[in-house]
Structure formats: structure tokens, C-alpha cells
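All chains should be modelled from the sequences, with the hints used to inform the complete structure.
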Amino acid sequence: MNRFAALLDRLAYEPRRNAKIRLAAAYLRETPDPDRGYALAAMTGGLSFRNAKAGLIRGLIAERTDPVLFGLSYDYVGDLSETVALMWPAPQAGGTGHNRPPAPTLTEVVETLATASRSDLPGVIAGWLDSLDETGRWALLKLITGNLRIGLSARLAKTALAQIGGMEPNAIEEVWHGLKPPYAELFAWVEGRGARPESVDPAPFRPPMLSHPLEDVADFRAVLDPAAFSAEWKWDGIRVQAVAGFHEGRKTTRLYSRTGEEISGAFPDLIEALDRDQRFVGAVDGELLILRDRRVQSFNVLQQRLNRKTISPKLIQDFPAHIRAYDLLAEGTQDLRTLPFAERRARLEAFAAGLDPERIDVSPIVPFADWDALTAARADPAQAGAGVDAEAVEGVMIKRLDSPYVPGRPKGLWFKWKRDPFVVDAVLMYAQRGHGKRSSFYSDYTFGVWRDGEAGLELVPVGKAYFGFTDEELAQLDRFVRKHTINRFGPVREVTHSADTGLVLEVAFEGLQRSTRHRSGIAMRFPRVSRIRWDKPPREADRIETLEALIREYGTNEGESG
Amino acid sequence: MRPTDILKITPQGLYCAPGDFHIDPVRPVSRALITHGHSDHARSGHEAVLATAETLRIMAVRYGEGFCGSAQAARLGEPIRLGDARVTFRPAGHVLGSAQILIEAGGQRIVASGDYKRARDPTCLPFEPIACDVFITEATFGLPVFRHPDMKGEVRKLLDSLALFPDRTHIVGAYALGKAQRLMALLREAGYDRPIHVHGAMERLTEFYQSEGIPLGDIRKVVAAERGRLGGEIVICPPSAIQDLWARRFPDPVTSFASGWMRVRARARQKGVELPLIVSDHSDWDDLCATIRETGAGEIWVTHGEEDALVHWCRTIGLEARPLHMIGYGDEGEESEAADPGATSAETAP
Ligand SMILES: [Zn+2]
Ligand SMILES: [Zn+2]
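Protein sequences appear in the order of chains W and Z.
Add 62 to the 1-based position in the first sequence for the numbering used here, that's all there is to it.
Position 162, counted from 1, in the second sequence is what the numbering used here calls 152; the numbers after and before it change by one each time, with no gaps.
By construction, these hints were calculated from the structure, which means they are not laboratory data.
All C-beta atoms, glycine included, are put in the ideal place defined by N, C-alpha and C.
Some hints here could point you the wrong way.
To be verified - Derived PhoX-like pairs: lysine-lysine, alpha-carbon spacing no greater than 25 Å straight-line:
{"no.": "1", "chain 1": "W", "residue 1": "K545", "chain 2": "Z", "residue 2": "K261"}
{"no.": "2", "chain 1": "W", "residue 1": "K545", "chain 2": "W", "residue 2": "K526"}
{"no.": "3", "chain 1": "Z", "residue 1": "K261", "chain 2": "Z", "residue 2": "K142"}
{"no.": "4", "chain 1": "W", "residue 1": "K313", "chain 2": "W", "residue 2": "K242"}
{"no.": "5", "chain 1": "Z", "residue 1": "K261", "chain 2": "W", "residue 2": "K526"}
To be verified - In silico contact screen, one side only, chain Z against chain W (beta carbon under 8 Å); selected entries:
{"no.": "6", "residue": "P134"}
{"no.": "7", "residue": "L154"}
{"no.": "8", "residue": "F155"}
{"no.": "9", "residue": "D157"}
{"no.": "10", "residue": "Q233"}
{"no.": "11", "residue": "A258"}
{"no.": "12", "residue": "L265"}
{"no.": "13", "residue": "P266"}
{"no.": "14", "residue": "H302"}
{"no.": "15", "residue": "W303"}
If you want it as C-alpha cells, here you go:
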């Protein structure tokens, strides 16, 4: 447990992606089974056991420390687990034959928590805290209170695992979902000591193919041949992968977010429909939308469903989930990803024709003869075929007809061209208390976009927004800020904002100006939060180049005012 | 005489009326007794200064030979009469030359301990507890969350990181007087025998330590043009330099900081530290409490730091205790050579 804690401690401070992978890989290489397997489960969000309540921890520390000293310490440190970890009194050593008990292994912690009775829990935890060092206590308390935030995404953890066997991360991804902690057979395979794990997942996640902003292509009208591309609407929903397959005669159907997180539980209606339909076997890449009377609802409506913890029948009825498919990655057991887009598209249309259109349909092609025609369609989707759904269109996707499905963001194959150019996905960096009736909320948000810094990718603040959200969203943002504060400067809180942790805000604005007063060199006019992207990892937020390109394209280069 | 008649708080600092002297005064005075060479305790411009020979030499290195009107070296353990008071300097274990000052006057024994630590330090003499009626203590780390770990483990963290990232320069922020040299000595004890590179601001004090007979091995000043070739090496610099452009010219640097503050995550993150090393030249909570008990003092005065918690604790064990709310002392912040004195309080505010 101390070794795992030391890893978490180091990851928490390490900003660089490659260094994180190296740290995790070193741990996975050097730590014996099954400890490393449980660690891998913790890092990929796959560890589940009954959590201990914060109240239990408070009770344990109250029995052992002076309440005034605890209060002053908690005030200073600002985090319960950390305060308790640091203050926990060392057990009385010395005496005759009394030794410190050996620190528990991670395996012991996980397995004990799975079986310990509620009444045994305080004693068990106190015993562990007695035997661990400060970092070990901190990690243990974070783990058992369910607040363990690891400075590493599931994807990076799998990349680290792949690295110790000289494999591609996607090779891990393909077998991953059929396996369970502590993953002994997976480690054996990665280390070349065993066969590829047998229980191949019948419904695996396939890492998605992503696009580049069209604005990044200088003079695209001259460079790109319109005849080589196909266009479709860019829908304002969340990107999902719906996958179904058979194993030993039993069907498994799953829904994944674009980061590979399984979200089936949030959409039982959709899963049930797809699972029941025996023709739905394969993998579909598409947009999750709410349709009412076949009409696409705005993202705000979808958001209302996404935010619910419990999925009631009423919620399902009021917010029916639907997939608008745009790619077919597998049909039956056949992997289609190496086929050209045009061919996959034809397969998709045939595949979807047999399915229930209430649940799944195909995103229509937007025909265009040249870039001017597509520009017109993008400017007025209602007239260009989107009809009443035009409000849910945020632009067009442009895909090379001959493009295979390549995981990641390959160059030159897919482009996104947003309808309203003045929208960026930015990462929340700081929040400040508002004024008047908002004074109890963190309602002023400073956000940033990525740029290449001296020490790698870094966020640079590009503006501040304090409207554009509903009261309900304000409450959610406020909660997020309080839970993810990493720093305080008077009324300002700095919130976590790394590539893997943090919150993406879609920010709309009226224009851009060059500015010498801003660190980014850019000033935004009337920025506002147009949407909270709970679904989007910070690493996928926009880069400063996107804003630079907007300045070039729209020429709002009028200099400083005032 | 009551202790408060013997020692008073003045705008210059603690003043001993029977002996007519100040201890670690923050403004120029006619007679100053200096506990140690950190710049918030040892300032230039006093008329007469009494301190250990090492502290006087440190002051000369920092401020030049004319840092005061006249200097007198105090020998450890030898009482000196000043007016109606008798003073004795004894080791404080904080940095080279650091001392506590025992004041005997009006039938009272009062110890002004300056800054002190109990953890082992190969670069200075260990702290000696002194039996007294009033013990004056700092409380920089006066909260029970501050418990400094074994330094060997912290040095091991640094060496492990070097092994894992053999191409990256490990830049360690450490205060120029004491911490930097202690870290060097600890690295040598751990068997690290490569040259250790230092920022220009540390050179004089490090040479001074070596000239005092403290072996630190091969220490080299960083030459700007050669920074790109120091991948895989340890570079020690003032804390203020770790986030400077200066530090970014090294190959893919790992930013480290050796300080007791690194115990608290938010503090480490605030400084952008990637490899926090908990190495402190102050007492941690357990050592503050143990030392207070050892002195046998019935009355405890707390000069600066987290006074509230320590005062509360003293009272719970039946000692009289009061916070002095002294201004102008906030250790560790002062040690970045270039920093303006005004930055001191901001550095140590919670
Ligand atoms: Zn000091
Ligand atoms: Zn000090």
C-alpha cells in the first residue's frame, strides 16, 4: 500500500504525460501480482467496494486528537483525508515486544473492505492507519472515502501497461472490457508469459477517430479537393459508441463515451432496445441525442438527462435517448475499420435500415458541389436539409471518402467546421465569487486553452465569463469549483485543470482582438458559457491556434480599446 | 522581577532592559545579540553585535566586513556579563553557527531559542536543551500536521527520481544558507558522488561552509551556457529560481523543493513543485512539544509562526503560554537572496 501511495503521490504532482506513463509503468513492472492488478483497477476506475463515510474518519480522529488542534489543522490543510493522514498519532512504539504492525498491502485493503462488516470497519481502518506512513494514510483515506483522484486517466494507465510489454495501447483496449481485477492473465500476456486473455470481450470499446478544425488548414478552399470528401451535420449531442456482440450464445450490449467509459447504466432504455434487437450486432459510432416526436432536442435538454443520478421511468419517458449513427466500426464479428469511409458508410446504411428508427438512425449526408455550397449549407442548415433539427446542428463534419477509421486524431482525414465560428471549448482554470445575489456562488470563471509551453502543453487564460448558464447550472458549477479547488487567493479559487482532470466549458463570444494586456495576446468580446461539457476531457479542449485562426479569418484586429 | 520586566517587546524586537540589548532586532540598535545568520534574524547596521564566530562570519559574507560598528564573538557555553544580565550562547541545531541565548537576570532564567531543530544535521552542532523558567520558541511548523519524515527517505526520493528520469535535470529549490548545504551533505551520506551544481546565488555561502571544514564534495557553479548539458544532474538553487526562466533552460527539468512546507499538498502545488522533498531546518510539531517539556519551563512565549495551536497545546498541559505576535520574522521566505524583505510575510502566510 505504501508503494502504491508513493506512486499516487508522485502522479499527483507530475504534469507531463510521458512522465506519468513512465512512473506508472515502473510501478506496474516492479510490483508483484495481485497488488499491481488492484492498482491498475484503481487507476482505471474499476475498483469498487463499500466506501467508508467521512463521518467514520472524523470519529476516529476525534478519539485521538484535541478538537481545537484538529480544527486549526483542518483549516490550514483544507482537506479532511490529508489532515487526518498527517495528524494521525504514531502508535506507542517501544515497550516490551511491541512492534509496529506491518503495513497492509493494497490487496489486503481491497479484499478486506469487500468482506468487513460495518461494525468491524472502524477498528480495521484504525489498524491500517497505525501501520502506514503519512502518504500511505493519505492514499488509504482517499481510497476508502471514494475521493481518490488519480493524476492519470484510464487511457494513460493502459498505455503504461502496454509499454511494459512493448505493445500498442489499443491492443490492451481490445481485450480490456472482458477482464476483471486483479488482471493476472492480462499481466502474464503483456509480459510474454501467457496467451492473449481468452475471454475476449464480445463488446469492446474501440478508440474513436477524431477530427481537426477546418480552420487549422490554411487556405483549405485551394488545398482540399471537395470531390474527395463527404459532409454530414455535426450534431450537438455527445459522442458515443454502441457495441453488441455474442459470447457463448449470450449477447452483450454496451454504450461507451468517447473516452471509453461505459455509460450503459445511464441509458437503460437505449441498451434494452439495442440488446433486444437481434440484428444489432457490431459497433456503431454516433451521436447520442434526445428525440421527441422524431425531433432532435437541444443540448440543454440532453443535459437534463445526463445530470440525473437515478434513472426513473419518467425520466426515460420524458427524455428518450436516440443514436444518430455516422460510422460502422464492426458488423457482426467483422472489423470494418480498415475499409474506406465510403464503404463503411454504405454498410452502415444497410445495417441501420433493419433497425428501429425510433432508437437509431443514420446521420444524413449533406451534398455539396464545392466549398461555397458547403459554406452556404453550414450557414443555414435548415434550408440545406436539416429542417426543424437545424437548431441542434453545430456545424458540419467533413470526411475523406477514402479514410480508414484511425484511432486518435490523424492528420488530413476528418475535419470539423463549426457553424458559429465564435465558440471554443476552454478549460476552467479559476473561479471567483460573484456579486449581489450571487455572492455565495463561484460565478465568475476564468478559462484557458492549450498552447505549447516551454515545459510541454499548458493552459493559457483567454477570458472570463460570468453569464450564459442557468441557476441550476450555476449551482453545479459552484459545486464543481468547491470540490476541485487546488488553491485559494482571497476570493479566487484555482480549480484543477490538467489534461486529464478538470472541466471543459464551451464559450461563445462576439469577436476577438489582439491584446497586449492579456498573456495569450488575445482578448475576447462578450464571452459567455454556452454549455458545460461535463463529457469532454480537458485534453480535447481547443488550442490557442484555433483562436489565432479565427483572428486571421475574421480580421477583428482592431487593437486595444481604452 | 517578572519575566516581562526583563524582556519586553519593542518595535525593534525583543529588548532586555537589565542588559540593555536586543535579540535579533529587525531595525538598527545599539547592541544586538544575534541567534543565527538568516537574514530575518541577522540584519546589518547595528552598532555592537554579539553572536557566535560562525554567525559573525556569515554576516560578513552576506553584508561585507562593515556590517556593524563592533563585533564580539560569543563562545558556546561561556557566560558573558552585560549590565545586570548574564548571557550564554548554546547550540540550536538550526544552521551553522546558530545558537540559543540563555539570559539570567533578576533571578530568572529565560531562553530565547531563535530558530531550532532537533533532527540530525551533519552541517551544524546539535541542539542542547537548557533548563529554564521561560522558554521562547518559534512555531513556524506549529501545527500537528507538520511532522517531518526521516530525511534519508526524502533524499532517496530524489535519487529514485534521478534513476527513473536519467535524462532530466533535477532542480532543487533550497534556502541558500543551511538547507542547501545540509542537502548536499545528506546526498553525500547517501553515496551520491557526482558533482552537485549550484546557482550563482549559493556559491559564496557554500564555499564558506566548505572553508569552515564541512565536506560537501565536488560543488560546481552552473554556467549559463552549459545548462543544456546538465541532464540527469542535480542542480540546487534558491527557491525563487525554480520557476524562473533560468530553470527552464535545463533539459526537461524536474522541479523539486526541499522545505517543511512541502508536507502540505496545497502548498507544494501552489509553488508548481513536481517533486516535493520534506526537509526542514525547523522543529516539527512533535519536536516543538518535546523540547518545551524538556526545558522544564513553566512559561512559554511563542514568537512567530502558527502560534495559536502551540499556545493552546501548552495550556492543555498546564503551562502558561502567550503568543508574542512578533513581526518581521517569517523564516524560509527570506532566504531567496534577491527577494525584497516585503515578500517575507507573503511567503509564509497560510
Ligand atoms: Zn532561521
Ligand atoms: Zn527565523
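Let me know if the C-beta of Z:A258 comes in closer than 8 Å to any C-beta of chain W, holds or violated. 7 Å, holds
Hint status (Cβ of Z:P134 to nearest Cβ of chain W, threshold 8 Å): Check passed: Cβ of Z:P134 comes within 5 Å of chain W, closer than 8 Å.
Hey, does the Z:W303 contact hint survive, CB to chain W under 8 Å? 7 Å, holds
Could you check if Z:P266 really has its C-beta closer than 8 Å to a C-beta on chain W? With a closest approach of 7 Å, the Z:P266 hint holds.
Using Cβ atoms only, decide whether Z:D157 comes closer than 8 Å to chain W, and label the hint accordingly. Violated - the Cβ of Z:D157 stays beyond 8 Å from chain W, reaching only about 11 Å at its closest.
Is Z:K261 within 25 Å of W:K526, Cα to Cα? Distance of about 24 Å is within 25 Å: holds.
Chain W contact restraint on Z:Q233 - CB to CB distance below 8 Å: 10 Å, violated
Holds or violated: is the Cβ of Z:L154 closer than 8 Å to a Cβ in chain W? 6 Å, holds
Distance restraint between W:K313 and W:K242, which requires alpha-carbon spacing of 25 Å or less: 19 Å, holds
Next item in the hint list is Z:H302. Is there a CB on chain W closer than 8 Å to its CB? The hint holds - Z:H302 has a Cβ within 8 Å of chain W, the shortest such distance being about 5 Å.
Could you grab the alpha-carbon distance between W:K545 and Z:K261 and see if it respects the 25 Å cut-off? 21 Å, holds
Measuring from the C-beta of Z:F155 to each C-beta in chain W, is the shortest one below 8 Å? 7 Å, holds
Comparing the model with each numbered hint stated earlier shows that hints 9 and 10 do not hold.
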